[in-house]
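Those protein sequences? They're chains W and Y, same order as listed.
In this text, residue positions in the first sequence follow my numbering: the first is -1, and each later residue adds one.
In this text, residue positions in the second sequence follow my numbering: the first is 450, and each later residue adds one.
Take these hints with a grain of salt, some might be off.
Derived, one-sided and incomplete: chain Y residues facing chain W with beta-carbon distance under 7 Å [said to hold, decoys possible]:
| id | residue |
| --- | --- |
| 1 | Asn510 |
| 2 | His580 |
| 3 | Met812 |
| 4 | Gly813 |
Listed next, the stretches of chain W that the computed footprint assigns to chain Y, with coverage defined by at least 3 CB atoms under 8 Å from CB atoms of chain Y [as the list claims (entries may be wrong)]:
| id | stretch |
| --- | --- |
| 5 | 152 to 164 |
| 6 | 186 to 194 |
| 7 | 210 to 216 |
| 8 | 222 to 235 |
Keep in mind that the hints were calculated from the coordinates and are not lab data.
These numbers come from a predicted model, not from an experiment.
The C-beta atom is built at its ideal place from N, Cα and C for all residues, glycine as well.
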Amino acid sequence: MSSENKKDEEMKTNKVLAGKTTRRNFMKNLSIAAAAGSAGLVTGGCAGSATSEEAGLKWEEYFKNNYRLMTQKEKDETVARLVRLAKLRDNRDIQMSNQGPHENVLFGYAFNISRCKGYMDCVEACVQENNLDRKSKTQYIRIFEMDPGQLDPTTGDGKFHHEVPVDGKFYMGVQCFHCENAPCIKACPTKATWREPDGIVVVDYDWCIGCRYCLAACPYWGRRFNWGDPQVPEAEVNVDQHYLGNRMRMKGVMEKCTFCVQRTRKGKLPACANACPTGSRVFGNLLDPNSEIRFVLANKKVFRFKEELGTDPKFWYFMD
Amino acid sequence: MMTTNPDKGIVAFVSDCMRWAFTGGTVFKIYLAVVLILMVMGGVAYSRQFQEGLIVTGMTNIVSWGLYISNFTFFVGVAAAAVMLILPAYMLKDKDLQEVVIIGEGVAVGALVMCLMFITVDMGSPLKVWHMIPGIGLFNWPSSILTWDVLVLNGYLALNGLVPLYILYCNYNNRKPVGWKYMPFVFLSIFWAVSIHMTTAFLYQGLPARPFWNNPLLGPRFLASAFAAGPAVIMMVLIAIKEQTTYPVDINIFRKLNRIIVVSAVINLIMLFSEVFKEFYNFTHHSLSAQYLFFGLDGHDSLVPWIWTAISLNIFGTLLFAFGPSIKYRPRYLMLAAASLFTGIWIEKGFGLIIPGFVPSPMGEVVDYTPSSTEIMITLGVLATGALVVTLLIKPALIILRKHKEDAVETTASC
Ligand code: SF4
Ligand code: SF4
Chain W
-1 MSSENKKDEE MKTNKVLAGK TTRRNFMKNL SIAAAAGSAG LVTGGCAGSA
49 TSEEAGLKWE EYFKNNYRLM TQKEKDETVA RLVRLAKLRD NRDIQMSNQG
99 PHENVLFGYA FNISRCKGYM DCVEACVQEN NLDRKSKTQY IRIFEMDPGQ
149 LDPTTGDGKF HHEVPVDGKF YMGVQCFHCE NAPCIKACPT KATWREPDGI
199 VVVDYDWCIG CRYCLAACPY WGRRFNWGDP QVPEAEVNVD QHYLGNRMRM
249 KGVMEKCTFC VQRTRKGKLP ACANACPTGS RVFGNLLDPN SEIRFVLANK
299 KVFRFKEELG TDPKFWYFMD
Chain Y
450 MMTTNPDKGI VAFVSDCMRW AFTGGTVFKI YLAVVLILMV MGGVAYSRQF
500 QEGLIVTGMT NIVSWGLYIS NFTFFVGVAA AAVMLILPAY MLKDKDLQEV
550 VIIGEGVAVG ALVMCLMFIT VDMGSPLKVW HMIPGIGLFN WPSSILTWDV
600 LVLNGYLALN GLVPLYILYC NYNNRKPVGW KYMPFVFLSI FWAVSIHMTT
650 AFLYQGLPAR PFWNNPLLGP RFLASAFAAG PAVIMMVLIA IKEQTTYPVD
700 INIFRKLNRI IVVSAVINLI MLFSEVFKEF YNFTHHSLSA QYLFFGLDGH
750 DSLVPWIWTA ISLNIFGTLL FAFGPSIKYR PRYLMLAAAS LFTGIWIEKG
800 FGLIIPGFVP SPMGEVVDYT PSSTEIMITL GVLATGALVV TLLIKPALII
850 LRKHKEDAVE TTASC
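Isolated chain W (complex conformation):
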């Protein structure tokens, strides 16, 4: 194994010397050339406590590729670096997966508006599961309290703060709808956000430059930006992480609901569907004819939000 690595390394060096600069090698060259001077710039403010190992890892992280262009080996390497960095920086032991999509899986979601009572257990579970910034009170899910006679959540109250359920009201949850034809993906200038083969729309946090064009393009307000450094109390950190999912974000990047990629690719339900006490949330594989979601789509009257925009969301509302 190690001899193989060495060979690999040697070949790379040879290539560099021969001047055949591939994309990655070009970046490597650049990094070697510029390393000494600007390491501090990239590694940010915590230069005091930064060991040289940490600085080195951060340096390699800075020059890594877009996740989608990485080979499996590179994916494993970056995950290993991130795990090590979490240890060095925060003395935190995390597991990080880069599990890819499964064959013949297309995730879909259905929300029962006649069952939801607005308890918001889903919101709480999501915040915990996905390491959402507590300081800015970031939420991926929002529940709107609706007056009868309306089906458009924009007419509802998304900030209610009282005992639920209220008589004569009903409740509608919104989040990123994982559009098949997603305007956010089209907008991104760096391809930092894309739709995985299993239908999950993800963000490569390390590739996002923070221009927020995707946020402007999303018709459902599905995206959240890290205006400052996100904060999660150490005791509440979920250490079971995924590269494209709930790993720690940094300031200046976009994030969003990932259908709990770290759970759902392991065959679990998303945290919200898992936490819902009323059974309003149905999640499953749209390609599996026996799944509950397929049952709902086949047997209930369903509708989608802002259907006229042609985004083809993978999120439906239905009634009992």
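For chain W, the structure is supplied; the task is to place chain Y with the ligands on it using the hints.
Same frame as chain W, but now just chain Y with the ligands:
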């Protein structure tokens, strides 16, 4: 006397330009000092934003673009407006405008520098900007309109920098610029000017998520307002040059600029009226942003005084230009007209266009946006940088052109 060396070389050109750029009287020194102080303050503010993140601005997840992108949008228009001088000067061989076209190009370069700076300071992760460089990053072209915008803005900057540079360099060496060497680029820059503004409009216009922007009139209206505001800026610069220096600026130029401005401003007002009619004759859900802008919504009305000020200034400036005495050159009068039109369009095309696009949010929420002091300081810093760039470009350019004109008799060689 200068030596009659046929080619004085690049080094001499650069050093002479630097010398001419930075020497000047007391007024100039004070101006330079003010600009530099603003730039330093902007730099300090930016270092704070760099450390703490965009949280130091007034932006939120609802109004996620603010002062920076507003100014960016407006100055793209100013940059594009140079074409209103380039077209008649180079293509129609208008003698008067040929005298000042270099100023238009200088203003365009300054405006583009500001645009690129505004985009950069708006970025959440500016260190990762290499991710967008074609070749080493991943450039989402042609899908993302933002990548188009990056291309056209940088291309326009190159065109507007290189053509005048070539002409000046020739003049500096007392030679005649050769048409075929630069005219193709002039042609190109005319189309390019339209494209930078249309592309920037498409940035917003192409988003069905934001009904306030998703409007086919947005692009054309961008152009019309730019062709009014841009020449207004150029006119202000020309007045400053005429009053503060000995460089001769023919009053015919003001008359021609005046005409350009009036036509564009009137077209702009007609389209504004058409938009307002559409929004309010039959009020729909999609008119909520317009209501927020013009009258306020759910008790949130922070933009209302701004937009009415803008519209008043707009109409006031247009009327001054339309009915002003065009025979006589009256610097104060023209300055007032240009300044009010410029300010009016600045507010309307900046704040008045960007912020209501976000309010109400796609989930129907209404909030107000107020830029933070850090944000304002960074913006002022960028504006000061733009002013400095324009000044440093135009000063040596005018000196070269003047010298060239004086020596014109002996000019024979072509460049
Ligand atoms: S809901 Fe918004 S963020 Fe989610 S996929 Fe659709 S456009 Fe993108
Ligand atoms: S904020 Fe990030 S994900 Fe969104 S468009 Fe910009 S680079 Fe892409």
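Consistency of the hints with the structure:
1. Contact between Asn510(Y) and chain W, as hinted, is supported at the beta carbon level, the nearest pair being about 6 Å apart and thus within 7 Å.
2. Interface hint at His580(Y): satisfied, since its Cβ lies 5 Å from the closest Cβ of chain W, which is below the 7 Å cut-off.
3. Hint status for Met812(Y) relative to chain W: holds, with the closest Cβ pair at about 5 Å, below 7 Å.
4. Because the smallest distance between the Cβ of Gly813(Y) and any Cβ of chain W comes to about 3 Å, under 7 Å, the interface hint for this residue holds.
5. Using a Cβ-Cβ cut-off of 8 Å, 4 residues of the stretch 152 to 164 of chain W lie near chain Y, which meets the minimum of three, so the contact claim holds.
6. Given as covered by chain Y, the stretch 186 to 194 of chain W passes the check, having 5 residues with a CB less than 8 Å from a CB of that chain where 3 are the minimum.
7. Only residues whose beta carbon comes within less than 8 Å of a beta carbon in chain Y count, and the stretch 210 to 216 of chain W has 6; three or more means the coverage holds.
8. Under a criterion of three residues with beta carbons nearer than 8 Å to beta carbons of chain Y, the stated coverage of the stretch 222 to 235 of chain W is upheld, 6 such residues being counted.
Going down the numbered hints, you'll see the structure goes against none, and every one checks out.
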